[in-house]
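Enquirer: All chains should be modelled from the sequences, with the hints used to inform the complete structure.
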Amino acid sequence: MSQIIISVGREFGSGGRVIAEALAERFNIPIYDRHLITEIAERTGLTPEEIEKYNENPKKKIISRRVRGYSNSIEDNIAEMQFNFLKEKSDSGESFVVVGRCSETKLKYNPALVSLFVLADMDAKIKRVMEVYELSEEDAKEFIRKKDKKRKRYHNYHCSGHWGDSRLYDICINSTCLGIDKTVDYLENYIRARSDI
Amino acid sequence: MTASQIFAVVIFVAMFILIVMDKIERHYVTLGSGILTLVVVFGICMRSGTAIWDTIALKGFATKDFWYQVTESESKGINWATIIFIAGMMVMVEGMAKAGFFRWLCMKIAFLVKCKTIPVFITFMIMSAVLSMFIDSITVIMFLAAVTIELSQLLKFNPVPMILSEIFCANLGGSATMCGDPPNIIVGTSLGYSFGDFLTNTGLVAGISLIVSIVFFYFVFRKELVSENSANIDISKLPKPSEAITNKRDFIASTVIFGCAVILLVTHSITHLTVATIGLFIAIVTLIAFAKDALELLKKVDYKTVVFFIGLFIVVGGLEETGILEIIADFIEKISGGDAKLMIVIILWVSAIASAFVDNIPFAATMVPVIQSLAATSGVALPTLAWTLSIGTDIGGSATPIGASANVVGTSVAAKNGYPIGWGKYCKKLAPATVIVLAISTAYIFMRYL
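Protein chains in written order, with the working numbering: chain A, 1 to 197; chain B, 1 to 450.
Think of the hints as simulated: they come from the structure by calculation, not from any bench. You may find that some hints are simply not true.
[What the hints assert, rightly or not] Examples of chain B residues lying across from chain A (beta carbon under 10 Å, computed):
#1 Lys23
#2 Thr305
#3 Asn407
#4 Ser412
#5 Pro420
#6 Gly422
#7 Ala439
[Claimed, not checked] SDA-like cross-link-like pairs, simulated, lysine to any residue; straight-line CA separation at most 20 Å:
#8 B/Lys416 with A/Glu142
#9 B/Lys416 with A/Glu49
#10 B/Lys98 with B/Ala253
#11 B/Lys223 with B/Lys428
#12 A/Lys127 with A/Glu142
#13 B/Lys156 with A/Glu142
#14 B/Lys23 with A/Glu80
#15 A/Lys61 with B/Val20
#16 B/Lys299 with A/Ser166
#17 B/Lys64 with B/Ile270
#18 B/Lys108 with B/Thr255
#19 A/Lys53 with B/Lys299
#20 B/Lys334 with B/Ser378
#21 B/Lys156 with B/Pro119
#22 B/Lys23 with A/His162
#23 B/Lys416 with A/Lys127
#24 B/Lys23 with A/Glu49
Ideal placement from N, C-alpha and C gives every residue a C-beta, glycine not left out.
Expert: This is how it looks when you write it as structure tokens:
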């Protein structure tokens, strides 16, 4: 099978991660999301909890500084480790699915990349977050707002393109329209058509 | 306030904010601000071609004083001597790094003390300070931190205390000489001081502070540095220092060039060669010695820093030409009531606190004309104020992870290898050490100069 890298950007509560997992299963390839944290933990000797604390977090600008490509921000260093890890995997010819981590930009140089962005209607996202995290409607709404704000800041700091901007991805899809399963079917067909698998 | 003063201040403040925000690379920020200063402040508001010409300061190249200086002289506008010296030293350092000099030196010293943790800890602190007297602290820490982590993995100790101590000593060593830290180069070239002037003034207090710091760090970190398995380590299995040398010929050449650079710097008040001449000479000799790789070395020069300096000097020139820096000097004189001791305390501690949070290079470049003006009006000797400013900006930078370049590089190298150092961990140990050294420096300046 020729190399295929599926990058899944997602709004919080859109089901993007579930879709990414389903795609990994259908193409029988590994997925790097939380697994990425474990891999980095193994390489550095940090605990997964320590990495999780700084994972996909934008750096705190006022207390951070960058000198000749070096940064004192732990968030920046963890992000860079993840980008390097993804590049290594990409350059090794391995096929995989990756969730977030600016992968649509960082791996754009590889022609095997198919980049997706999953969004959803606000009502559907709230419903999903209420179920998964057992939150009230108000709390779910606030949680979504906070998480998306954080992802947006993280992405826009590390990339020149804007998070969720359709011009950055090969395909942007609203998971509310078809539901999770049919969205996965649709994306699978699209990826197979792109990759001749 | 005149329009030109308002615009000069607005451009300067906006530049500082943009540098802190780190959204746009800092060299673009200073260069853009510099161009704005030339166009808006000098061109539109002041309509002064002379101010533009004085600030760009290109005519300096044609003067004998720029290359060979018998009497001390002060410079204005873009400090080309600083820029040429820094660029020249960058070429030399790239050559040394390529030949494996720094890694060899670190491994050699570790082997000389039989790779025992505490002796390595102490010798690396001294090495960090001594190397930083001649080489930029970024390069020193880049190599020292990497070797420290490598040794910590082999000798099974926690590298964080050692890296923190190395960072602190690098900043301390940098304060000892004219070429150790960019603020000193700016102070030295702007006010016409020599390497020897710095060594016998800031160098002396840096030496005293280094001894105190080594004792302080030893007591603070000794428990963290003890490893359970250190007795069982077979050092014959560790990588040999000679393995660090990538090319013997290049290694010898870079060592000789470094030696020449040190001699030229130490003797420049006797030879009358300026730092610009030394920087240019060292760069040319390095490029000739590394003829095959000359292009590669030139490409590795950090041009962003060079551009950063050019833009910065223009913006500060804007403040100087419009008289803003005189206003600041008058303000300092007023609040100190002409009391020299209070003036020293204000300059030292305000410089230190500011440098702990913002880049100390723009701060020093701004403050040099301020202390010149202050010396002229208050009667306090200019050298006293210059040493105070140098010590304040150099030492203050050690207090936080963002205060100096070495801190950023050291903590970054540690984090990339699985040892994240947050603000809490950093400041808990290094902020008290900074305060101790500043207190020593205050007492030293009072006793020696007042």
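Enquirer: Evaluate each hint against the coordinates.
Expert: A quick look at each hint next to the structure:
| no. | hint | verdict |
| --- | --- | --- |
| 1 | Lys23 | holds, 8 Å |
| 2 | Thr305 | holds, 8 Å |
| 3 | Asn407 | holds, 7 Å |
| 4 | Ser412 | holds, 4 Å |
| 5 | Pro420 | holds, 4 Å |
| 6 | Gly422 | holds, 6 Å |
| 7 | Ala439 | violated, 25 Å |
| 8 | B/Lys416 with A/Glu142 | violated, 34 Å |
| 9 | B/Lys416 with A/Glu49 | holds, 16 Å |
| 10 | B/Lys98 with B/Ala253 | holds, 11 Å |
| 11 | B/Lys223 with B/Lys428 | holds, 16 Å |
| 12 | A/Lys127 with A/Glu142 | holds, 13 Å |
| 13 | B/Lys156 with A/Glu142 | violated, 46 Å |
| 14 | B/Lys23 with A/Glu80 | holds, 17 Å |
| 15 | A/Lys61 with B/Val20 | holds, 8 Å |
| 16 | B/Lys299 with A/Ser166 | violated, 37 Å |
| 17 | B/Lys64 with B/Ile270 | holds, 16 Å |
| 18 | B/Lys108 with B/Thr255 | holds, 14 Å |
| 19 | A/Lys53 with B/Lys299 | violated, 38 Å |
| 20 | B/Lys334 with B/Ser378 | holds, 10 Å |
| 21 | B/Lys156 with B/Pro119 | holds, 15 Å |
| 22 | B/Lys23 with A/His162 | holds, 14 Å |
| 23 | B/Lys416 with A/Lys127 | violated, 39 Å |
| 24 | B/Lys23 with A/Glu49 | violated, 29 Å |
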